[in-house]
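Colleague: These are the residues of each chain, in order.
Number of protein chains: 2
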Amino acid sequence: MQINKHTWCIIMAGGLGSRFWPISRTDNPKQFIDVMGVGQSMLQLTFHRFEKICPRQNIVIVTGDQYVDSVREQIPSLLPYQVLAEPLRRNTAPCVAYAAAIISQIDPEATLIVSPSDHAIFHEEKFIADIQQAVQTVALRQWIITLGAQPIRPDTSYGYIQFNEHPSLPRALNLHKVVTFTEKPPIEMARQFIASGEFYWNSGIFVWSLAVLRKAYETYLPAIAETFFSLGFGTSWEDLERVYSQCESISIDNGIMEKADNVHVLTASFGWSDVETWDSLYDVSHRDKDGNAIVSGNVFTYDTHNTLVVMPNDNSKTLVLEGLDGYIVAASDDTLMICRRKNEELVFRFSSDVELKKLIDNK
Amino acid sequence: MQINKHTWCIIMAGGLGSRFWPISRTDNPKQFIDVMGVGQSMLQLTFHRFEKICPRQNIVIVTGDQYVDSVREQIPSLLPYQVLAEPLRRNTAPCVAYAAAIISQIDPEATLIVSPSDHAIFHEEKFIADIQQAVQTVALRQWIITLGAQPIRPDTSYGYIQFNEHPSLPRALNLHKVVTFTEKPPIEMARQFIASGEFYWNSGIFVWSLAVLRKAYETYLPAIAETFFSLGFGTSWEDLERVYSQCESISIDNGIMEKADNVHVLTASFGWSDVETWDSLYDVSHRDKDGNAIVSGNVFTYDTHNTLVVMPNDNSKTLVLEGLDGYIVAASDDTLMICRRKNEELVFRFSSDVELKKLIDNK
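Going line by line, the protein sequences match chains L and V.
Under my numbering, the letters of the first sequence match residues 193 to 555, in that order.
Under my numbering, the letters of the second sequence match residues 193 to 555, in that order.
Check the hints yourself; a few may be wrong.
[Unchecked claim] List time: in silico DSS-like cross-link candidates among lysine-lysine, alpha-carbon distance up to 25 Å:
| # | chain 1 | residue 1 | chain 2 | residue 2 |
| --- | --- | --- | --- | --- |
| 1 | L | 534 | L | 376 |
| 2 | V | 509 | L | 555 |
| 3 | L | 550 | V | 481 |
| 4 | L | 549 | V | 481 |
| 5 | V | 197 | V | 407 |
| 6 | L | 509 | V | 550 |
| 7 | V | 318 | V | 197 |
| 8 | L | 244 | L | 197 |
| 9 | L | 318 | L | 197 |
| 10 | L | 451 | L | 376 |
| 11 | L | 481 | V | 550 |
| 12 | V | 555 | L | 509 |
| 13 | V | 509 | L | 549 |
| 14 | V | 549 | L | 481 |
| 15 | L | 369 | L | 407 |
| 16 | L | 244 | L | 318 |
| 17 | L | 481 | L | 534 |
| 18 | V | 549 | L | 509 |
| 19 | V | 369 | V | 451 |
| 20 | V | 509 | L | 509 |
| 21 | V | 407 | V | 369 |
| 22 | L | 550 | V | 509 |
| 23 | V | 481 | V | 509 |
| 24 | L | 318 | L | 369 |
[Claimed, not checked] Interface residues of chain L toward chain V, partial, derived using beta-carbon atoms under 7 Å:
| # | residue |
| --- | --- |
| 25 | 508 |
| 26 | 509 |
| 27 | 510 |
| 28 | 511 |
| 29 | 512 |
| 30 | 514 |
| 31 | 526 |
| 32 | 528 |
| 33 | 530 |
| 34 | 531 |
| 35 | 532 |
| 36 | 535 |
| 37 | 542 |
| 38 | 545 |
| 39 | 546 |
Source of the hints: derived by calculation from the structure; they are not laboratory data.
Please read these numbers as outputs of a predicted model, since none were measured by experiment.
Ideal Cβ placement from N, Cα and C applies to all residues, glycine included.
Same shape as in the complex, but just chain L (with noise of 0.2 Å):
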């Protein structure tokens, strides 16, 4: 299929990744780094498969000031507008703004595909193919088109999106029309949704045209659009630091989806995961016969099971691990942290102590 000009990405890079402790740091955040252990970090993985389906000018980053250099080191020769600095972290919806503002200037007419950096999307093909069905579908309805992924587990870390059959539109389209969102369910109702056959997982890709999207900011979020759109190439880091440092810090789901009528989910089977936890990187990585996930790293296992590795991915770097089950072990160039995988949310602790100690230390 013929890649359309008119057709853009806005990749929002600006994470923190700080569940990913001691790989991913803020200094180093979860979209730089290659978790996969494929060779290629989270951010090159999406812009190469956006490189896919719209032309590689039309791709703009978002991301944190503090992060442009590593955007431009990862992703080279790219454009000075493809690139946008937000001074300030203020969400998803003020970003998309920026951003689409920034388009708005080049190419009125463009469709928006709007997506995280750091999400593993696990059969591309079938992701480019429901991406162009949403491009195609919001250039004859004025449709904001979330993606939905098939939920596995009653997962209550995601968000759930409840959608009914579109009565207009045949069935083989997966398309529906969507009636709620629930953010973060507790796992009761997240097995009922499941049950229900109702729900899909909210995968943060929302595809719609550049009116569609001026529209539902100006009806939902006034005060953001009267700011943002005024922005242009010509705005300076002082206004753009005093609009973002006055403006609400919401996401696109609360100030957007969750009030919008015309959004429509696309079920799709591209297979997603937000790989925002150790033990979810797990689930989604390769495991060998014991169970183990040895995603990077010159690793050997003696008696070992169930265990998640991540290391540097440097050859020159061994690591044995003998008589371990169900643990995790992740190393950065600096710190190596084993846990118990059942125990994983406690590496805010560890990562606090360990800065605490560090502070202390330069005193």
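Keeping the supplied structure of chain L fixed, place chain V upon it in accordance with the hints.
Modeller: For chain V alone, kept in the frame of chain L given last:
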């Protein structure tokens, strides 16, 4: 007490330390490593201990040819005769004969202390006093004195010395006639040895005059005596290689101590360990309230017990451990091993597997 200018020390520093993999390797064995986490290698600790007993220039280190640079780097400004290179490993009897031959050219009246380079001594003042007592004793009697360490567990990896009360010496001198040497007894025998009160561990530290040493070699190891005592400063490397390649590989214990009838044991109380295994290092290390021995490294433990940690002594590396009980965590610059303490004999398999893979990868 004044240091006697005829007191010499031979430090045997040719071991491979293979049980301490991955920290100790053939190219950097245990004696050159800060195994105890005190800021000095085992060899440096040993050398500096003997500097308090004999003149610095009377300390001679015998090592493998490939380790001469390591010795000179760790103990700077040694005179040429103070580092003797062995072309081949032939156990301790040839090693000591070589050093004694060189020393005899400088000081025919020498008293020789023979010591391993990689054992731990816990009460240095007592050690110095015991060695000095032995030195004084062999100035008066034609004895070979071996220093015995009080056994504190039925360790099957040690040599045991059986002794009788000496009829002609006050008990306070702690000097006894040796009856038998038993290397590495079965566990039941070791238990009986300890229960009897007649056995001490063989520390591998001997004290004897040069004359007594020569006589012992001439009597029990005449072939070694003949070739080695003709060696001197002028011996070429080729001649040394020939001598070593033709000589028997035999320990002082097997070759002399088990046969000579003038061996006496000084039952010492300085606290000793050969620190030959990870578990013996755990035994001799300070343990925190959870039973963890954090020998070195910037380590954070959570719900972790009875675990030995030895990391490179470089505070830029951090280790976080959660939920381990009874493990060894040991790292060199390029390899980290996690292994249950009860399975530490597997290190031979680990090292061989890792080396094999390196060979295959480099093909």
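Colleague: If a hint holds in the structure, say so; if it doesn't, say that too.
Modeller: The hints, checked one at a time:
1. A C-alpha spacing of about 19 Å is found between residue 534 of chain L and residue 376 of chain L, which places the hinted pair at or below 25 Å, so the restraint holds.
2. Between residue 509 of chain V and residue 555 of chain L the CA atoms are separated by roughly 18 Å; this keeps the pair inside 25 Å, and the hint holds.
3. For a cut-off of 25 Å, the pair hint linking residue 550 of chain L to residue 481 of chain V stands: about 24 Å separates their Cα positions.
4. For the hint pairing residue 549 of chain L with residue 481 of chain V, the CA-to-CA distance comes to about 20 Å; that is within 25 Å, so the pair holds.
5. Between the alpha carbons of residue 197 of chain V and residue 407 of chain V the distance comes to roughly 22 Å, so the proposed pair stays at or under 25 Å and holds.
6. Note on residue 509 of chain L and residue 550 of chain V: the hinted pairing holds, with a Cα-Cα distance of about 11 Å set against a maximum of 25 Å.
7. For a cut-off of 25 Å, the pair hint linking residue 318 of chain V to residue 197 of chain V stands: about 21 Å separates their Cα positions.
8. Taken as a hint, the residue 244 of chain L and residue 197 of chain L pair is honoured in the structure, with Cα atoms around 12 Å apart against an allowance of 25 Å.
9. At most 25 Å may separate the alpha-carbon atoms for a hinted pair to count; residue 318 of chain L and residue 197 of chain L meet this at roughly 21 Å.
10. Restraint check for residue 451 of chain L and residue 376 of chain L: the C-alpha separation of about 18 Å stays at or below 25 Å, so the hint holds.
11. Proximity of residue 481 of chain L to residue 550 of chain V is assessed by CA-CA distance (about 24 Å); at most 25 Å being required, the pair is judged to hold.
12. The suggested pairing of residue 555 of chain V with residue 509 of chain L holds, with an alpha-carbon distance near 18 Å, which does not exceed 25 Å.
13. Note on residue 509 of chain V and residue 549 of chain L: the hinted pairing holds, with a Cα-Cα distance of about 13 Å set against a maximum of 25 Å.
14. Restraint check: the Cα-Cα separation between residue 549 of chain V and residue 481 of chain L comes to about 20 Å, which is no more than 25 Å; the hinted pair holds.
15. Restraint check: the Cα-Cα separation between residue 369 of chain L and residue 407 of chain L comes to about 19 Å, which is no more than 25 Å; the hinted pair holds.
16. Our distance criterion of 25 Å between C-alpha atoms is met by residue 244 of chain L and residue 318 of chain L, whose separation comes to about 12 Å.
17. A hinted pair counts as satisfied when its Cα atoms are at most 25 Å apart, and residue 481 of chain L with residue 534 of chain L qualifies at roughly 21 Å.
18. A threshold of 25 Å between alpha carbons decides the hint, and for residue 549 of chain V with residue 509 of chain L the separation of about 13 Å falls inside it, so the pair holds.
19. Our distance criterion of 25 Å between C-alpha atoms is met by residue 369 of chain V and residue 451 of chain V, whose separation comes to about 13 Å.
20. Distance hint between residue 509 of chain V and residue 509 of chain L is fulfilled; the C-alpha atoms sit about 14 Å from each other, no more than 25 Å.
21. Simply put, residue 407 of chain V and residue 369 of chain V have alpha-carbon atoms about 19 Å apart, close enough for the 25 Å limit, and the pair holds.
22. Note on residue 550 of chain L and residue 509 of chain V: the hinted pairing holds, with a Cα-Cα distance of about 11 Å set against a maximum of 25 Å.
23. Of the supplied pair hints, the one linking residue 481 of chain V and residue 509 of chain V holds, its CA atoms being roughly 24 Å apart against a limit of 25 Å.
24. Straight-line distance between C-alpha atoms of residue 318 of chain L and residue 369 of chain L comes to about 21 Å, which keeps the hinted pair within the 25 Å bound.
25. For residue 508 of chain L, the interface hint holds, the least distance from its beta-carbon to any beta-carbon of chain V being 6 Å, beneath 7 Å.
26. Given hint, residue 509 of chain L at the interface with chain V, holds; its Cβ is 6 Å from that chain's nearest Cβ, closer than 7 Å.
27. Interface restraint check for residue 510 of chain L: the shortest CB-CB distance to chain V comes to about 4 Å, inside 7 Å, so the restraint holds.
28. Interface restraint check: residue 511 of chain L against chain V, minimum CB-CB distance 5 Å, threshold 7 Å, status holds.
29. Annotation: residue 512 of chain L was flagged as interfacial toward chain V, and the flag holds, the nearest CB pair being 4 Å apart, inside 7 Å.
30. For the restraint placing residue 514 of chain L at the interface with chain V, the shortest Cβ-Cβ distance is roughly 4 Å, inside the 7 Å limit, so the hint holds.
31. The criterion of a C-beta within 7 Å of any C-beta in chain V is met by residue 526 of chain L, whose closest approach is roughly 6 Å, and the hint holds.
32. For residue 528 of chain L, the interface hint holds, the least distance from its beta-carbon to any beta-carbon of chain V being 5 Å, beneath 7 Å.
33. With 7 Å as the threshold, the beta carbon of residue 530 of chain L comes within range of chain V, its nearest partner Cβ sitting at about 5 Å, so the hint holds.
34. Using the Cβ-Cβ criterion of 7 Å, the hint placing residue 531 of chain L at the interface with chain V is satisfied: the shortest such distance is roughly 4 Å.
35. A least Cβ separation of about 4 Å between residue 532 of chain L and chain V falls short of the 7 Å threshold, and the interface hint therefore holds.
36. Taken as an interface hint, residue 535 of chain L checks out: its beta carbon lies about 6 Å from the nearest beta carbon of chain V, inside 7 Å.
37. About 5 Å separates the beta-carbon of residue 542 of chain L from the nearest beta-carbon of chain V, less than 7 Å, and the hint is met.
38. Checking residue 545 of chain L against chain V by beta carbon gives a least distance of about 6 Å; that is within 7 Å, so the hint holds.
39. For the restraint placing residue 546 of chain L at the interface with chain V, the shortest Cβ-Cβ distance is roughly 6 Å, inside the 7 Å limit, so the hint holds.
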